[in-house]
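Given these sequences and hints, build the entire structure.
Number of protein chains: 2
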Amino acid sequence: MDFNIRVAQERDMIAVHKLIKELAVFEKEKHAVEVTIEDLVTDGFREPKLFHCFVGEKEGSVVGMALVYNRYSTWKGPVVHLEDLMVSEKMRGSGLGSALLSEVVKYAHGLGVKRISWEVLDWNEPAIKFYESKGANVMRDWDVVQLDEAGIQNFLNQIEN
Amino acid sequence: MDFNIRVAQERDMIAVHKLIKELAVFEKEKHAVEVTIEDLVTDGFREPKLFHCFVGEKEGSVVGMALVYNRYSTWKGPVVHLEDLMVSEKMRGSGLGSALLSEVVKYAHGLGVKRISWEVLDWNEPAIKFYESKGANVMRDWDVVQLDEAGIQNFLNQIEN
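Chains A and B, in that order, give the protein sequences. Residue numbers 12 to 172, in my numbering, belong to the letters of the first sequence in order. Residue numbers 12 to 172, in my numbering, belong to the letters of the second sequence in order.
Accuracy of the hints is not assured; some may be wrong.
No copy is singled out in the list; a pair is fine if it fits within one copy or between any two copies.
[To be verified] Cross-link-like lysine-lysine pairs, in silico, BS3-like; alpha carbons within 27 Å at most: (1) K60 with K29; (2) K125 with K60; (3) K140 with K60; (4) K32 with K69; (5) K145 with K101.
None of these hints come from the bench; they were simulated from the model.
Spelled out as structure tokens, the structure:
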């Protein structure tokens with residue numbers, strides 16, 4: 012394996028932001044990314060830190076990343092959530108995805124949490140197979156629900172009337 | 012509406028824990044609740060506070076609750092996640108669920124976040140209809156993935172070998 016994994020530094024946020032945008036394109040939500048490089052620096056490296064990030068590096072370039080933060084389960088207590096796991100196209104099949112996931116699992120185990128959670132698109136069969144091969148439970152009966160910015164505003168307008 | 016909504020206090024955690032267990036039974040995961048009343052007091056009321064909780068009260072009794080915390084979206088920045096929204100059986104249809112959700116939306120708006128997220132079981136049609144009537148987007152193509160405590164241990168055993 013000709014790459015290494017390390018904790019992300021501020022200067023990596025340019026490359027991490029690029030990976031975030033690549034992932035959004037893959038997920039057919041090209042225009043959804045409102046977070047900027049500056050936001051990532053502030054949110055990840057100034058107190059209170061809102062996430063923790065690992066990067067995969069090859070020949071001095073960032074070619075993958077895993078971004079995590081804590082959640083709270085009313086069943087299991089504090090848990091780690093993996094928001095994004097992304098490997099650049101040229102590095103697919105290199106083992107970098109597995110290595111990044113391993114780093115996340117070691118990190119979560121170090122925190123003593125009882126669960127690591129994440130989300131997957133149900134048509135992303137390669138990802139689902141990969142996660143299941145790692146022992147994860149893809150819960151096809153649980154769906155994600157979101158109220159977006161416009162939805163929040165509409166909701167508030169309705170209860171005010 | 013003969014109930015009121017307020018921010019939960021430590022002393023409410025007994026009733027909140029009872030509602031958490033009731034919700035787990037409904038979700039066919041009766042034995043999944045490992046969190047204790049003491050955990051809820053520590054995790055919700057000692058620094059660092061891991062969640063924020065609202066309760067619905069009727070005639071001095073807690074009859075519903077909504078439990079939230081912050082997450083981080085690499086697309087939208089800080090977001091609010093609604094972990095549990097639960098109304099006791101005798102209060103169903105009273106408007107308490109809507110009132111609790113309104114409180115969560117006002118709270119999230121006050122924090123300036125661009126999204127509120129939560130999760131729903133795909134067979135829970137009354138909940139899905141309720142959420143959609145409020146303008147939420149039930150994303151049936153996104154599934155929840157979990158690596159549980161045994162899964163974390165197995166994963167670590169495998170990478171050590």
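Which numbered hints fail:
3
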